[in-house]
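Please construct the entire structure, taking both the sequences and the accompanying hints into account.
These protein sequence lines are chains A and B, in that order.
Start counting the first sequence at 1; every next residue gets the next number (this note's numbering).
Start counting the second sequence at 1; every next residue gets the next number (this note's numbering).
These are computed hints drawn from the structure, not numbers from a lab.
Among the clues, some could well be false.
Cβ-to-Cβ under 8 Å is the rule here; a few derived chain B residues that face chain A [what the hints assert, rightly or not]:
no. : residue
1   : 227
2   : 236
3   : 267
4   : 272
5   : 274
6   : 302
7   : 319
The beta carbon of each residue, even a glycine, is placed where N, CA and C say it ideally should be.
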Amino acid sequence: MSCRSVVLLFPLLSFWPAFGAELGISAQIEFNRDVRPLLADNCFACHGPDAANRKAKLRLDVREAALAKEAFSPGKPAESELVVRIHSQDKDEMMPPPDSLKKLSARDKAVLARWIAQGAEYQNHWAYEPPVKAAIPAGANAIDTLVARRLITVGMKPSPEADRRTLIRRLTSDLIGLPPTPAEVAAFMADATPDAYSRLVDRLLADPRYGERMAVGWLDLVRFADTIGYHSDNPRNVWPYRDWVIQSFNTNKRFDRFTLEQIAGDLLPGASVETRVGSAFNRLLLSTEEGGAQPKDYEARMMADRVRAIGTAWLGQTTGCAQCHDHKFDPFTTRDFYSLGAFFADVKEPLVGRREEGMPVTTPEQTARIAELREAVAAARKNVAALATHIDGAQAAWEANQQASTSASKNDLPREVSAALKKVATKRTAKDQQTVKVYFRAQVSSVARGELDRLAEAERAQQAFVDGVPHCLVTESAAVARTVRVLPRGNWMDETGEIVKPALPAYLPQPDFAGRALTRLDLGLWLVARENPLTARVFANRLWKQFFGTALSRVPSDLGAQGEPPPNGPLLDWLACEFMDTGWDVKQLVRVIVTSTTYRQVSTATPTQLAADPDNREYARQGRPRFEAEGVRDAALAVGGLLSPQIGGPSVKPYQPDRYWENLNFPPRDYVVDRGDAQYRRGLYVWWQRSFLHPSLLAFDAPSREECVAERNRSNLPQQALVLLNDPTYVEAARALAARIVSEGGGSTAPRLTFAWDRALQRAPRAEEVRTATGLLDEHLRLYRADPEAASALLATGDLPLPVVLSAEARAELAAWTHVARVLLNLHEFITRE
Amino acid sequence: MNPSSPDHHLCSDHCGENPTVWDLPHVPLGLKREWLDLETRRHFLGQGVKALGWAGLATLLGRSAPNLLAHAPIPGAPAMLPHYAPKAKRAIYLFMAGSPSQIETWDDKPALADLFDKDLPESVRGGQTLTGMTASQTRFPIAPSLYKFVRQGKAGRFVSELFPYTAKVSDELCVIKSLHTDAINHEPAILQLTTGNMFPGKPSIGSWLSYGLGAMNAELPTFVVMTSKMPHRTNVQALSNRLWSSGFLSPEHAAVALRSGSDPVLYLNNPKGVASDVRRAMIDGVNDLNRQLFERVGDPEINARISQYEMAFRMQTSVPELTDFSNEPQSTWDLYGPKAKEPGTFAYNCLMARRLAERGVRFTQIFLRSWDQHSRLPTNIKLMAEDSDQPTYALVTDLKRRGLLDDTVVIWGGEFGRTVYSQGALTPDNYGRDHHPRCFSMWMAGGGVKPGISYGETDDFSYNIVKNPMHIRDLHATILHLFGLDHNKLSFKFQGLDQKLTGVLPSKVINDLLA
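Okay, here's the thing in structure tokens:
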């Protein structure tokens, strides 16, 4: 029903319920789909789970409680208080009350009345019920079957399969985050074997760049960044965690294991360097070094930050509300909030102040080398000790000699040594003895000095090697955990709240722990327990969004009452069950999705589809999302042939406008641009400065990662045009592409344009495009022939040297082609996954 | 979709739940088409949660025909933004980051002179939490202001001798002496004042205004932020993008930072070797090819991309014109002082703010960030006052003489107050002051604010408020009110809540401040 007809119908609505059918209300009301969202949005704030703020002691989220207060009479809407109140015009009677600023529409009222008429049945919240795996006919693809079932009920038809060029572009972008090379496209288009597509999927899943692609979304979720966030926003060591995420996806680490290592990698039996680096997850939150900051304030902030992270990344629950009061819409209580936070009370960390260097992150070879060096130190120490008796004798002889010798030679000694020697041995203090001992060993005894030097050298070598190894903040468990109290209204200055121990949210299924004290390991195990109804759904829902542009349940961070019951619930459930049934096999889940017919549909929408399903919630076509910020950068560098293939390593600093960091302080900092290969690394390796994220990434909606983010914006802003037009990274990439066009694309304009389109868009230019581009090329050629200095200036953008010394004409030509390449890198098609 | 009645709560921005602009009379057909196009695009991207809704329509209308919204509610529209007739169309917020002491600036306490070095009574402090910087002090000796206050203007307000220029516009100012806030440290306090919440992730005031009212200019951003060079580099606050971010609102509502120097907007300058005719030719090429793609594919997002390239091009033209001060007459330089010629100074930024106001930029926020005088306060506050006093006066005066002050509200102040007792040693000519959230002073001028008045009172020690306390939530509510917006209705659904600038705790418009 269009909005317009709602307006026309409006005068009739007061005749409810006669016109219910015209309002598009289902004949059979379903509580979770139709009623809970209305009650949650309009009623639960005062009549929901939050006991402290409940009005008239009435709660509508539990049927028995509502019936006990006679809120409604099942089957009898006309006699139901709820129906009377929602239709009342009396300001003191009407619900929701005027000051709530909430209003039920006529349709909403009709839904509630019909629900009561049909018996006012409740359902448990969909996401707290165990997922049910639908039966799929043998040999059928489950995704296609379940999407088709849904399409039949909503009267839509699927779209045809996309062409091969689109498919390989889509797959390569979705699985490794880059455009395919022209050769890869040609090979795939020529591959007539029936399993060409699935082999392509296998190749891409085995590509180490798959891990880089998959890492981006996870790094958003856990708010990975190179800096602490608050106030000074100083650096910290966490990049090995980023590489751990990449490797985890590449080795297809089971998601349950992936979870455990992050939550409790330090507590796992057989904890290793790898699992401990995973536990850096617990250290990724915002912290402060601000002078005068209150430790208790930041203790509370950090605990809340961690609870929200678990809520967003694993549970799909908006837990943040419960820091101050019981959740208004979901059964998550304040006690649940602080009890969940208490799992992390053992994490060793400064509440305020500089983070530590972190754990040395060593390879097995480095670990062996450190062991060797440690042994060398021990051996040197042993030698020093072994010589002790001998040296003590020598010292005694030397002392006697000194005391016997002339005072003149004694004056060569440091004053405190000669002062000590003047005393009789029995009168010397411990300090005197130490002074003499150290002096003798360091300055007099050549034997002692040699051994001491060797020890010092061994210690120095060990330290230097350890210093040269990357470090990472990791989780260490303190013997005594911080005390966690429920903070009344979230107020950290109020210490009257109840002390809580680690406990799981009471409303979710959990084992009987028989009063045992719980640890982070228990939390991790529970998150990925088969009985946990949320984790697998949350992961599958996000993964679906990655491959279709819209999630099955609309808000990936909220599967609670204010989120959305998925229109295709059986599909989400099937994916969640399949994920767990396959042993939390991420690559398998990806494979199932991308090999479906549903995934391979075209992304162009027919006018009928646009009208019937503007948001593409039914998946009768593919989505057309713009690349994420990192993907935009990566595509340009790849097409320009500049992209560094290196995987992992410290974060890098590409070109950035001068003075962009001028408002950082404590201390003020200069941004030092990386040179060489580091300049051309993929976007996920760019230095993530939380308070001033690189402006090119920011323009394309990369989040600052101050908070866990389950979905990015996809905005379309003039700043994006300015970045693609003027950021030296993109100008340089265009220049590099132009050089290839000129050197590899043939001698004349037509084959060069074909080459350029093939590189950038993996297709041939259309006749009309050739006309546009040729006109553009000719105009720029004319301009640059007339202005050789401008050509030279343009070609000097970026660090990349010119291949050879060029004539003025060659410069003009290269400059003109640089503009053609810039146009290509600025096209909507270039930054869109179709 | 879930259609509902047209009287549904409007500002939650529920996608598609309201009647569309198509249903409204008196909206030009072209605008209707553009709105529908944008709506379709949002749907297409599955951005229903962040869809345009009414605020977006207001944006569109505001951009195209500012007066349509500002003065003439559309007949037939069930409830249109703004919610009331607005007094202010623009705001210029002079954010004194680090927090100038109220005791030296606006909260005159002459009687303190007799209490030099006396201990602040424990009963006044009342067990307050102190920062880590003074919590270990054994004494809390009272430090009277070294600067005297002089009666000024027709209203006879006492103004600090630190501000001889601002004193001349004293009658324009509405000074609030009874503001209070929740945070005791800079980071959370600045964030709470700029975004209404001391935790990151919420939209700033300017973003809410942009979301609610839209743009008045098709060539410049709606919300501009500038940071200022400092006369000395001590007590400098760290700033971050989060202070002017759009939070959970669409990123189009975030501030654009206007920088001093040759690259005033990030990436605005052409690459070297690209003249402006070349730039035009290239953008034409991009747009031609994008149009061809649109004809093949029909994705409205492509059209949006084309219009963003046009907008980028217009910015490349309008910003250099904006930053070219050569057409300013000598009287401007006389008014603002010689420092206004030096890009990035507070004086330059004030002049820029006037130019932005003239061009219809809705919200300009200027940060000046060296007011955190824990020690050597008398010397450093004087340096800061000398740097900022004349430009502040000049801005108010300039706006007034150009007739802009009537609908431009100027706001001046820091993020909290400072303690009456000295931090560190107290001598007759030297002392410091620690952070103090219980009371602080700000002033507003123009834009529908009552001129020449003072609001609220503190006790004899400028420590606790004794009359008309005004939480910074009330300041936010009052600012929105000046723009015709009801702080309870300007909301956006995020994480299951109708989120507002003023949050969930009670807040109110302070009617006594309104002209």
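Restraint: residue 319 (chain B) near chain A, CB-CB cut 8 Å. Satisfied or not?
Cβ of residue 319 (chain B) sits 11 Å from chain A, so the hint is violated.
Regarding the hint that residue 302 (chain B) lies at the interface with chain A, is the smallest CB-CB distance below 8 Å?
Interface hint status for residue 302 (chain B): holds (5 Å vs cutoff 8 Å).
Less than 8 Å between beta-carbons is the criterion; does residue 227 (chain B) satisfy it with respect to chain A?
Holds - the Cβ of residue 227 (chain B) comes within 8 Å of chain A, reaching about 5 Å at its closest.
Per the CB criterion, is residue 272 (chain B) less than 8 Å away from chain A?
Hint on residue 272 (chain B): holds, closest Cβ of chain A at ~4 Å, below 8 Å.
Given residue 274 (chain B) as an interface hint, is the shortest Cβ-Cβ distance to chain A below 8 Å?
holds, 6 Å
Holds or violated: is the Cβ of residue 236 (chain B) closer than 8 Å to a Cβ in chain A?
Where the cut-off is 8 Å and the nearest Cβ of chain A is about 5 Å from residue 236 (chain B), the hint holds.
Any CB of chain A closer than 8 Å to the CB of residue 267 (chain B)?
Residue 267 (chain B) check passes; min Cβ-Cβ to chain A is 4 Å, inside 8 Å.
In the structure shown, a violation is registered for the earlier hint numbered 7 alone.
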